[in-house]
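Both chains are given apart, each in its own frame, so use the hints to dock them into the complex.
Protein sequence lines, in the order shown, are assigned to chains V and P.
Per my numbering, residue 1 is the first one in the first sequence, and the count goes up by one each step.
Per my numbering, residue 1 is the first one in the second sequence, and the count goes up by one each step.
I should point out that these hints are in silico values taken from the structure, not numbers from a laboratory.
Under the rule of at most 25 Å between Cα atoms (straight-line distance), these lysine-lysine pairs were calculated in the DSS-like manner: (1) P:Lys100 x P:Lys199; (2) V:Lys103 x P:Lys281; (3) V:Lys167 x V:Lys103; (4) P:Lys165 x V:Lys266.
Ranges between beta-carbon positions, derived for each pair: (5) V:Leu46 x P:Ser284: 43 to 53 Å; (6) V:Leu21 x P:Asn79: 16 to 26 Å; (7) V:Leu53 x P:Glu128: 25 to 35 Å; (8) V:Glu9 x P:Met83: 23 to 33 Å; (9) V:Leu20 x P:Trp129: 17 to 27 Å; (10) V:Lys2 x P:Val191: 22 to 32 Å; (11) P:Lys199 x V:Leu72: 54 to 64 Å; (12) P:Lys199 x V:Leu53: 44 to 54 Å; (13) P:Ser207 x V:Leu168: 22 to 32 Å; (14) P:Gln198 x V:Leu256: 40 to 50 Å.
Some residues of chain P that are not near chain V, with every Cβ distance over 12 Å (derived): (15) Asp143; (16) Pro182; (17) Asp192; (18) Gly193.
For every residue, glycine included, the Cβ atom is placed at its ideal position computed from N, Cα and C.
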Amino acid sequence: MKLKQVTAEAKLLLVGIPVLLWTIIPVYHMFLFAISPRDQATSGRLWPKDPTLQNFGHVFKQEHFYLNHFWLQLGNSLWIAVAVGVITLFIATTAAFAISRLKVKGGRTVMNLALFTYFIPAAFLAVPMYKTMATYGLLNNRWSLVLAMVTIASPYCIWVLKQASDKLPWELDEAARIDGATPLQLFRLVYLPLMVPSLVAVGTYSLLLAWNEYLYGFLLLSNEQHLTLAVALGNFLAADDSPWELLMATGFIYALPPAAIYYAFKRYMVSGLTAGAVKS
Amino acid sequence: MNTATLATPRPRKPLGIWGFWGRAFVVPYLIVFLVFVLFPVGYGLWLARSPASYAKLFDDPIFFRTAINTVIFLVVAINIKMMIALYLSGFFLHTRWWIKVLAVLFILPWAVPSIPTILSVRFMLNPEWGVINSVYFRLTGLDGPNWLNDPTLALSLSMLMHIWKSLPFWTLILLAGRMAIPAEQYEAASVDGASNWQKFRYITWPSMKGLYLTSTLLSTIWTLGDFNSVYLLTGGGPADLTHVLATLGIRYLRLDQIELAMAAIVVSLPLVLPIVYFMMKRLSK
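Only chain P is shown next, with the shape it has when bound in the complex (with noise of 0.2 Å):
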């Protein structure tokens, strides 16, 4: 170590040694960053300069299909897992050796890779041979749904998909929060004789609605950049009709027409960039 230190050119007088080192250790992630992120990016902008594209881009019916579904998809999808997710924190706040086992299984979406699990459920659907449908057979007699040939159930299972795949994270985030509010609170509001639901809208929401909005706002950034929950399920189709913004791009790019592509992340910027600034106020105080 010594000599190592010894080795290091002596830098010129203001820097000093503890500069210097302090400026080398950021070098790397500078470099990722240009090479990688502000590269890319101003290219990408560069390739969406003409507004031939924007023309090109509000011609294309799929185009306003996708932003229909994206909005769908943000406001559906987010809104019922964060729901659901705020309740099951509460649930398993619960001590009981069974909800402990539950807990620990829970995990299991969040913890197993994407790609798998979806195309399990991808096979479960199929109209043919699928074990839904042979259980929808054996009880009704009847020929189940051609499930993913029709775009509204076909999105709706996206975001199924999504939110199975998800819940387990936003629930284990609301979980911390709960577990932080004092215990005493609630002792105190049961001894003045408080419902839960009082409790619930007395101490555990109004300190819970912090962390309840930064998640959603979380959410919102990560769900946009959800590619396979849609695209390993339906592909996008029938017929381009399930697309969102993320599997759009990628069918842009496929297409050979990245400056579609660009075009339609651009159009987005106006809903993302206010979310971005707003987390990143949030997450460098």
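So here's chain V without its partners, still in its complex pose (with noise of 0.2 Å):
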């Protein structure tokens, strides 16, 4: 028994380191970059003989030239996931809401093509949506972005909305209709309290989607200081003597926000995107 006991012990971890160290390497090496004096950063240690945070200081102090606008894209990223969240979440809301508890006409012909446009591969429609925003004079503007991924985003937010808003009691509507509430106030006072749970996940879901974007970033700007920072750090691969340290101390402070909201509402987040990410 307590042979069967240990053996049954090792096999897990058989099982669990070597999924430690495929999951963590990858982001250890970008840690260990980002902390390591520029004539140490390709050492092959494991820790750096003399660790340092000066690579975070000339970020900081955008002492580079691939760091120039580092703070304008800092704040482009922010301002555009901001405002991605916030349109997705009235979009979204409010298609939701007249699909799922207005019932209204067509509702599901409205659903159908929301859920059409989730399905569509974001890289093939990258290509017509950049021809679209060049037809619409909206290139090399953060609003060509944030569009495109109020696009990219509100079809599931709608869906996972839907999905939430269709357990809620009718007795609820009925209630409020009977004594004589608008549809506005029904939206304002009824659905919305009840609906908070699946609004932090959508509006989290969009406004991190918005953050990490890279392709639609990358096509639609191309201005310095329109750049998000997402393609300002893919613009790093441009020249062999990039300054890999000073990337991955970007890198590092560009993955941390959304790493730390991820956590922050990982409880909203898991039960409220991946148990409907896919209806089994």
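Okay, here's the thing in structure tokens:
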């Protein structure tokens, strides 16, 4: 019995240790670069001989050609992420409310249009989206990225919110109607308060989607001053003599907020999103 | 609130106030759909209307290579990823304190943006000073391979990158599926002396296979649109030999050959549309 338990534990560890290494190495490697002095970054040691925060100092003081607009680009990323979060939340909540609670005529069709959009591979839509933004005269304007990301984020948000609102009891709506509530009052006083967990989940989802986006930013924005941090990071690759340790320090700063938000809202994210992502 | 409601224009009789607001509330999304989905898709298809574009596309050896790469990427990467996810979802069911800690760390690849981590891997693979070849040199005294300069290795590494990034998500989904199976079924099977494999074969798999199939199809669509894993790691190189459809479309676009980009996408539609149709039916139930 004892031996059997030991082998069972050993078997678990035999899976767990490779999983840990596989998961952590790319992230740890980035962290290691970020805290290594320039000449030690590539020494191949597990921990740098003289760990330092000076790379972060260089980034914050914008002391490199590639980092000239660091604060501006960080601000762009933040501005775009917040704008996408707010606009998507508005569009998705109103649509889900109309489809699920007001049972608007044609609501099913609207839901199907949204689902269809959700299933277009993002890199495929990017090609005509670029041309479209050019037609609208929005290229190299940060609104083009905001609107493109709203387009990509909202279908899934509508779907998740619709699933959640379908579960609310009908009696609430009926009681509100009997009491003479208008649709807007029903929306504001009954619907929104009950939907808060799902709203947090989809708001966070669209915010992170926009913050993390590389491809659309890379296509739609080109002026240094308008770039998001994601695109600026990709631009480091342009030259062979790029300052890798600064790139990794910047990447670390860039990766920290979404990871923190994700872990802070994990409760909402996991129940709100993964449960909704695939209906079994 | 009351004043706002009073101020709203009275809609004509047949519509009623509820019908009016129902329509008003779907208008924002409909505008987004018309302006940023329907118009681009229509415009794109119109750009891809000329047969000459297809002739040119099929004459391009890079396109052929890309088609093969894409199929390999989809078949190999997705199946490996989903099988590992299925296996790990069982692993994470075990109740140990360290597995709980590991589960938190395990989400990292999905929780952090892909650009910095993919670039981190790209540096690890640098043939001269990357950590992988440094360790290799220390162990064997030989120079390691030039990882990203060999098309087969480079494409394989892109697939690994893709798996690294999306494995946590699918493991969570399948874990949720496993947790929905009633524990009594396993207990009863244990009483009957069923082996672990038999439990999987006769309890887990039958209740998971629908979810597994849906997940695989959804993952196919998302993998087709995965630009970052390939572009940021290999850039489609060496010599444009590691492109997949997602990066090739963008390559044509950057070369100002948008007709070719759209033609390449249209050619893939016979594969994509049935999956889209199937998924829409499944999710709109």
